[in-house]
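There are 2 protein chains.
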Amino acid sequence: MEFSSKLLENAVNEMSQLPGVGKRTALRLVLHLLRQPTTQTLDFANALSTMRTEIKFCKSCHNISDTDMCEICANPNRIEDVVCVVEDIRDVMAIENTSSFKGLYHVLGGKISPMDGIGPNELNIQSLVEKVKQGVVKELIFALGSTMEGDTTNFYIYKQIQDYDVKTSTIARGISVGNELEYTDEVTLGRSIINRIPFEASLKS
Amino acid sequence: MEFSSKLLENAVNEMSQLPGVGKRTALRLVLHLLRQPTTQTLDFANALSTMRTEIKFCKSCHNISDTDMCEICANPNRIEDVVCVVEDIRDVMAIENTSSFKGLYHVLGGKISPMDGIGPNELNIQSLVEKVKQGVVKELIFALGSTMEGDTTNFYIYKQIQDYDVKTSTIARGISVGNELEYTDEVTLGRSIINRIPFEASLKS
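Taken in order, these protein sequences are the chains called L and W. Numbers 1 to 205, taken from UniProt numbering, label the letters of the first sequence in order. Numbers 1 to 205, taken from UniProt numbering, label the letters of the second sequence in order.
Keep in mind that the hints are not guaranteed to be accurate.
Identical chains blur together in the list; that is why a pair holds if it fits in one copy or across any two.
List of simulated lysine-lysine pairs, DSS-like, C-alpha gap at most 25 Å [as the list claims (entries may be wrong)]:
| hint | residue 1 | residue 2 |
| --- | --- | --- |
| 1 | Lys-6 | Lys-56 |
| 2 | Lys-56 | Lys-23 |
| 3 | Lys-159 | Lys-131 |
| 4 | Lys-6 | Lys-102 |
| 5 | Lys-59 | Lys-6 |
| 6 | Lys-23 | Lys-6 |
Hints in this document: simulated from the structure, not taken from any laboratory.
Please model the entire structure based on the sequences and the hints provided.
Here you go:
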């Protein structure tokens, strides 16, 4: 693709780095922005850069937050010793939507996936293990998507903490194998939290 | 959707204003940016705002350009009195790719589309009519997509200039009806420029 403008080419190249956005789509999106008022593009650019530089991650659960401690961790009405392990903020939002869970979360920031170069050290696993070692967690609920990577991550964490006094469970396999958490409907997801089963039992199923 | 962070919510809202990007996709894209180095997001934001504020449109053909006069209009080897009328820069890029055309372009910036609130005054039609009135154009080639809006726009311009001494043609209907110009393959598009037919004849077909 040859562009008549370096500025345009640069914008298209940056836009096409988004996942699922090719050069042609990027050009369409950038041309759309050019047809809109200047303020829209400036607001968009500003929102992105402000978010990237100023966003914080909760010191306790690693969820995205505007403060050092996220609203859920700071809420005294949440059950502190039940911790739900999830992949990212989208899963927190999906579970919060069901109103089935009153405990806290621990956001891993991904799943173990050697194919993508993501090992345990790239995820927030050590801080979770520390929480368990300190005895502040009575129950861990594994709520990762029911995929190969999710199962691997569950099992890795389980191995790290199995010698400590903590109950482990996974959300019920109401979600069909191979599906991601965020696309599950609310009823299924809510029930799968209520009907969680011991992690040992889930290994046999 | 309830967000734990205003910064995140703001970025997602801005992202979801892009055409074809819903809230869920926007969240996925924004979370992707958060997993990448900070510089990527800052470069992206910077490229967008710089483009939006500094980009220029060629004074002659209205194509996107970094200078007052675009490279094509400034090129002395192009045939100055043959002007190809196109919708936007993507069509210029598509036709340039075929190497079939040595004249100049006139970029309308869209097509007449009352459904979208786009009338002749929203497009760069008046400056094209002025060019014809001044007698600097010997031939106009209509190269809009073969859609209802494209045909309407062709006809509107034709009516404005039919009393002046200018030859009009449309690119051959090698492109199938209902298709947009930018998705046509190079051979078809190149031939359709070479086999252009008088506009009067195209009205009867």
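Results for each hint:
| no. | hint | in the structure |
| --- | --- | --- |
| 1 | Lys-6 x Lys-56 | between (34 Å within a copy, 11 Å between copies) |
| 2 | Lys-56 x Lys-23 | between (32 Å within a copy, 21 Å between copies) |
| 3 | Lys-159 x Lys-131 | within (15 Å within a copy, 77 Å between copies) |
| 4 | Lys-6 x Lys-102 | between (52 Å within a copy, 23 Å between copies) |
| 5 | Lys-59 x Lys-6 | between (42 Å within a copy, 18 Å between copies) |
| 6 | Lys-23 x Lys-6 | within (15 Å within a copy, 30 Å between copies) |
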